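A.B. asks: Sequence:
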Amino acid sequence: MTTPRSVALERLAYTLAAPVLAVAPNVYPDSPVSSVVQLAGAAAIGGIFLAAKSDEPGAGRKILRWSPLVLAAAVDVAAGHTGGFGPYWLDGLLAAGWAAAGSFVLPFSRHARRRHRPAVAAPAPQLQPAAAPEPSPAMPDDGADLLTREARMMWERAGMPARTHVVKATRMPGMRHDMILLLRASETGRPITGLSPEAVGAAFAVPASDVVLADIPAQPGRQGGPGWMEARITPEANARRRTKPTDQERWIDRVAGPKGGAPGSELVHKTRDNEREVTFYRAKMSDSTESPRIDLPKVCRALDLPEDDSCVFVLIDGSEFLISAFDTPPLSAIFPATRELLTPDAKGMYVCGFTITGQPVKTMVYQHDKNAPAHGLTLGVSRSGKTQFFAIHMAAQSLDGQVVWLGTVRKDEKTSVLGRYIDRQGSNALWMARSLRAAKALCEIRADMPWPHDGQPHDYKPGDPRCPYRQLNVYGDEFMTAAQDADFGEFIQKDGEDLTVTGLKYGIGFNPAGQSPFAHNGFSTEMKDNLRQNSRPVIFNMGSPGATRKAAEGTMENAYDVPTIPARYSRSEGSAIERAMRGEADPENGVSTGGVAVIVLDNGRAVLMRSLYADFDTDLSNLFPDEVNRLTDYEISELEKRGLWFDWNEPVRPGEFWPEPDEDDDGDGKSRRRRGGGGGGGGKGGGKRGSRRSEPQVASPRQALEAIKSLTDA
628 MTTPRSVALE RLAYTLAAPV LAVAPNVYPD SPVSSVVQLA GAAAIGGIFL AAKSDEPGAG
688 RKILRWSPLV LAAAVDVAAG HTGGFGPYWL DGLLAAGWAA AGSFVLPFSR HARRRHRPAV
748 AAPAPQLQPA AAPEPSPAMP DDGADLLTRE ARMMWERAGM PARTHVVKAT RMPGMRHDMI
808 LLLRASETGR PITGLSPEAV GAAFAVPASD VVLADIPAQP GRQGGPGWME ARITPEANAR
868 RRTKPTDQER WIDRVAGPKG GAPGSELVHK TRDNEREVTF YRAKMSDSTE SPRIDLPKVC
928 RALDLPEDDS CVFVLIDGSE FLISAFDTPP LSAIFPATRE LLTPDAKGMY VCGFTITGQP
988 VKTMVYQHDK NAPAHGLTLG VSRSGKTQFF AIHMAAQSLD GQVVWLGTVR KDEKTSVLGR
1048 YIDRQGSNAL WMARSLRAAK ALCEIRADMP WPHDGQPHDY KPGDPRCPYR QLNVYGDEFM
1108 TAAQDADFGE FIQKDGEDLT VTGLKYGIGF NPAGQSPFAH NGFSTEMKDN LRQNSRPVIF
1168 NMGSPGATRK AAEGTMENAY DVPTIPARYS RSEGSAIERA MRGEADPENG VSTGGVAVIV
1228 LDNGRAVLMR SLYADFDTDL SNLFPDEVNR LTDYEISELE KRGLWFDWNE PVRPGEFWPE
1288 PDEDDDGDGK SRRRRGGGGG GGGKGGGKRG SRRSEPQVAS PRQALEAIKS LTDA
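Every position in the sequence shown, counted from 1, becomes a number in this note's numbering once 627 is added.
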């Protein structure tokens, strides 16, 4: 074994210095050698003191490093205080002991470096450990947790699908087996392709339906893009979702899917109103630029709601919509009409009914924004609620100080009762033709009627106290039937059309009612457009949901979704299949939908409402004003001059609508009817209007047949 050179040199120094320490103090007491040794010892004591006081590691090593100098100074002082070399050659023994201690401890060579290793010529042979295996590319030694390492083992065993690597596995809170895998491509810069839920499910022994793959965005400290992917493995959550789903999960799985009742939507919240016994489902489209496409029966089946009992309704507002599920049919309730609800406000609006959500619905007696009267269009089959709506609309107009005329095709109890609270009322086609003719003549009268403030005629302005006349509202119930009357239908149709076009300038509104808004049934396109633009059409039950939707769409500028009005509201009881198998009859628990209507608002949106109920079995005086509003004396006198103001229930006057037979006629006693539109009054007024049109106007098969029969001179 070879001694290191530094050790040999240090031992030689101790050996040579020992005799000097023993001889110098005795031979030369004041020699510089003693002074140098003592100063070095004092410096070493200071170094030891500082090393002991310091908190830094290595204090012991520093003390050993300074100890030879301190001991040398001690030997020098002892030798200087003894006589000669001391008893028993004490000075020599101390110097020899100092040299021996220094040679054994070797403070400088052994403790000068912190990491000391024996300086040998050749390292001693040692046992070599076995070569460690190369780490697997699927399990790099990155300090991953146990779950991640186990996931990597299963992933490697599956062959590392799609050449991907498991970066991290995170267990979902509260779950034993559900976890999220963060995957990346094994090769840097390569996108992940070909990875499928089936491959992930096979690696972890779960169904593919319990695996969801998703792209991940870049985050601080982590890359993103096509080279990264997230796999959600949720067998436990899906098992719970299939048996006890939350409202959000049920909506996503059964409603919002591509084949669901509202594809592309998401549930905002579900609320319950126990007082009104209704559950609200508020939803919106995931893409706010899309419009909802709702199949209400599908939505009902997905949410386990009855779909055929008229308790579920949908309200669409832009990209949002509201589904209301009532415990009982909400529109089967009765909303009594009161004078407070029917009194128009400063803008001519009053409450005419309530929606399924309890919101009041308003309509107008005049158009405040257009500074003009309002027309009215009411559609519905018999017993659907048209006359009830007439009653509340007439009451609102009367409360606003307007004049009302009502003409019907046939007499009935309700119209006769209304006749006691309005200016004029009649019940045949002749009466309706005379009322329209008089209203048309009023346009000419009011056009020349001076206003008191400046003596000049002006157009009608609703609410203007300077106006010398009142707004007139002419009603034509069963207008289509009257327009097809063999004798007076052409006059009714022509004058009604003219009144819708010109009446608004002179404070006259026309309010027809019937069972169809289409041209072949009496409504020309021009007439329908004017009625639609200057009213809020009200469509009651038209006999079938399809006919109701068609009628409503015919009164709208744009085809919005139209609510359905069934023939009756009926709750579904039990299973129809089971009743059929047992041979039992279906339950008869229907509730009439009379009074339920679709009203088309100004923005073209159709709203389902229940109109206010006016009880004709009681006194209606609490709804109408105390005094009936009439025409002014000036208007009546002008109508009398034209031969248009008399009892309109009288039989047809000679020459009132068509000229008397000529003297050179065939003698069959039949008059040759003019196909004129104006239908002037008796005398010269009637003849002047009758000359406006000579060609027959055909609006029905019966009129076509009469036109053919009238061609006797051909």
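You may find that some hints are simply not true.
Unchecked claim - Keeping only pairs whose Cα atoms sit at most 20 Å apart, straight-line, the calculated PhoX-like set for lysine-lysine is:
(1) K871 with K897
(2) K997 with K911
(3) K897 with K974
(4) K886 with K911
(5) K925 with K897
(6) K1155 with K997
(7) K1132 with K997
(8) K997 with K974
(9) K1155 with K1132
(10) K871 with K974
(11) K911 with K925
(12) K897 with K911
(13) K1177 with K1155
(14) K1155 with K1088
(15) K974 with K989
(16) K886 with K925
Unchecked claim - Listed next, with one range per pair, are the computed distances between beta-carbon atoms:
(17) Q875 with A829: 24 to 34 Å
(18) A635 with E814: 11 to 21 Å
(19) Q846 with G1201: 25 to 35 Å
(20) K997 with R868: 14 to 24 Å
(21) A866 with P987: 42 to 52 Å
(22) E1215 with R903: 25 to 35 Å
(23) A679 with P847: 43 to 53 Å
(24) M1208 with E934: 45 to 55 Å
(25) E1215 with P987: 57 to 67 Å
FYI, nobody ran anything at the bench for these hints, they're computed from the structure.
None of these values were measured; they are calculated from a predicted model.
Every residue gets a Cβ at the ideal spot worked out from N, C-alpha and C, and that includes glycine.
A.B. asks: For each hint given before, does the structure comply? Return the numbers of the non-compliant ones in rising order.
C.D. replies: Of the numbered hints given earlier, those the structure breaks are 2, 3, 10, 14, 18, 19, 20, 24, 25, listed in rising order.
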